[in-house]
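Modelling step: build the complete structure from the supplied sequences, incorporating the hints.
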Amino acid sequence: MIHQRTISKAAAFSGTALHCGQYVTVTVLPAPDNSGIIFVRMDLSPQSEIRAIAGNVSDTSFATSLAIGEGAGRFSISTVEHLLAAAASIGLDNLRIEVDGPEIPILDGSAQPFLDSFSESGARRQQKLRRFLVIKKKVEVIEGNQVARIEPSAEPIVTCSIDFDHPLVPTNPYTFTVSEQSFRHEIAPARTFGFLKDVDELRARGLALGASVDNAVVIEGDGVLNPGGLRFSNEFVRHKILDAIGDLSLLGMPFVGAVTLHRSGHRLNLRLVQAILADSSTHEIQLGGYTDYPRLKHSSL
Numbered sequence: 088m089i090h091q092r093t094i095s096k097a098a099a100f101s102g103t104a105l106h107c108g109q110y111v112t113v114t115v116l117p118a119p120d121n122s123g124i125i126f127v128r129m130d131l132s133p134q135s136e137i138r139a140i141a142g143n144v145s146d147t148s149f150a151t152s153l154a155i156g157e158g159a160g161r162f163s164i165s166t167v168e169h170l171l172a173a174a175a176s177i178g179l180d181n182l183r184i185e186v187d188g189p190e191i192p193i194l195d196g197s198a199q200p201f202l203d204s205f206s207e208s209g210a211r212r213q214q215k216l217r218r219f220l221v222i223k224k225k226v227e228v229i230e231g232n233q234v235a236r237i238e239p240s241a242e243p244i245v246t247c248s249i250d251f252d253h254p255l256v257p258t259n260p261y262t263f264t265v266s267e268q269s270f271r272h273e274i275a276p277a278r279t280f281g282f283l284k285d286v287d288e289l290r291a292r293g294l295a296l297g298a299s300v301d302n303a304v305v306i307e308g309d310g311v312l313n314p315g316g317l318r319f320s321n322e323f324v325r326h327k328i329l330d331a332i333g334d335l336s337l338l339g340m341p342f343v344g345a346v347t348l349h350r351s352g353h354r355l356n357l358r359l360v361q362a363i364l365a366d367s368s369t370h371e372i373q374l375g376g377y378t379d380y381p382r383l384k385h386s387s388l
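Count along the sequence shown from 1, then add 87; that gives the number in this note's numbering.
Honestly, the hints are just simulated from the structure, not real lab data. Any given hint might turn out to be false.
Listed below are the simulated EDC-like cross-link pairs for lysine to aspartate or glutamate, each with C-alpha atoms no more than 20 Å apart in a straight line [what the hints assert, rightly or not]:
1. K225 with D366
2. K215 with E371
3. K96 with D203
4. K223 with E238
5. K225 with E242
6. K215 with D120
Quick caveat: nothing in here was measured; it's all calculated off a predicted structure.
Printed below as a string of structure tokens:
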């Protein structure tokens with residue numbers, strides 16, 4: 088797709104937030120060309136607008152959070168990654184997202200409900216051309232045995248591997264070529280997950296207060312507590328890719344490059360985004376498409 092896009096009509100969803108446990112309502116509205124994706128805290132006075140860019144990331148502990156301001160004037164919005172991944176997957180560049188709480192609801196733990204809502208509302212082409220961040224040389228961030236890397240590629244690709252030392256969690260890498268259709272079928276349904284043994288500790292820290300088998304895959308022993316089981320045999324690594332796509336959208340534009348992640352999470356994903364943006368020699372920005380990748384006009388990222 089060559090031109091920027093926004094949503095055609097309002098989309099709305101509501102539910103429990105994963106970490107704070109509050110019931111939150113979200114309304115997504117069309118936004119003008121070049122405005123980007125903006126979260127608006129409607130429950131605060133004055134209302135606070137927070138743009139979804141890497142410079143506004145305030146926390147990456149168990150979710151990606153955005154914030155602006157300092158002290159009493161500091162406003163934040165948490166767990167934005169699933170919604171951002173869904174928006175990126177269908178090429179929505181400009182959105183106004185009104186939220187009446189501090190965290191995006193987790194819904195079923197995947198990006199599927201967000202994607203379905205956006206698809207039902209439809210997308211509208213705008214006048215300005217899209218910008219694409221095309222990787223020109225390798226960028227790599229390493230922390231111990233964790234790796235996040237992006238290299239030049241003819242198309243946007245994400246390869247991810249995880250290692251939880253658990254028989255239910257395969258360690259085999261999963262490679263995903265980014266497009267709207269592949270995201271819809273391969274990635275969007277994959278849910279967030281956690282271990283039952285960690286729940287008490289997380290809740291003592293004010294996290295996972297809204298978690299349940301209705302919105303996360305809960306692992307106990309060698310099985311899962313969810314009545315329906317897993318949606319994919321490798322649902323865990325697919326969800327890590329979902330998170331990464333949401334985090335990579337904080338580049339502020341679609342990327343063209345091959346991403347490799349090993350044991351990465353929100354923190355390392357963000358560090359990769361920051362490293363790319365900090366060095367202009369690693370990439371170039373092209374308007375309206377990427378000449379060496381003719382299929383890009385049909386892709387979502």
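Evaluated hints:
{"no.": "1", "hint": "K225 with D366", "result": "11 Å, holds"}
{"no.": "2", "hint": "K215 with E371", "result": "18 Å, holds"}
{"no.": "3", "hint": "K96 with D203", "result": "14 Å, holds"}
{"no.": "4", "hint": "K223 with E238", "result": "7 Å, holds"}
{"no.": "5", "hint": "K225 with E242", "result": "15 Å, holds"}
{"no.": "6", "hint": "K215 with D120", "result": "6 Å, holds"}
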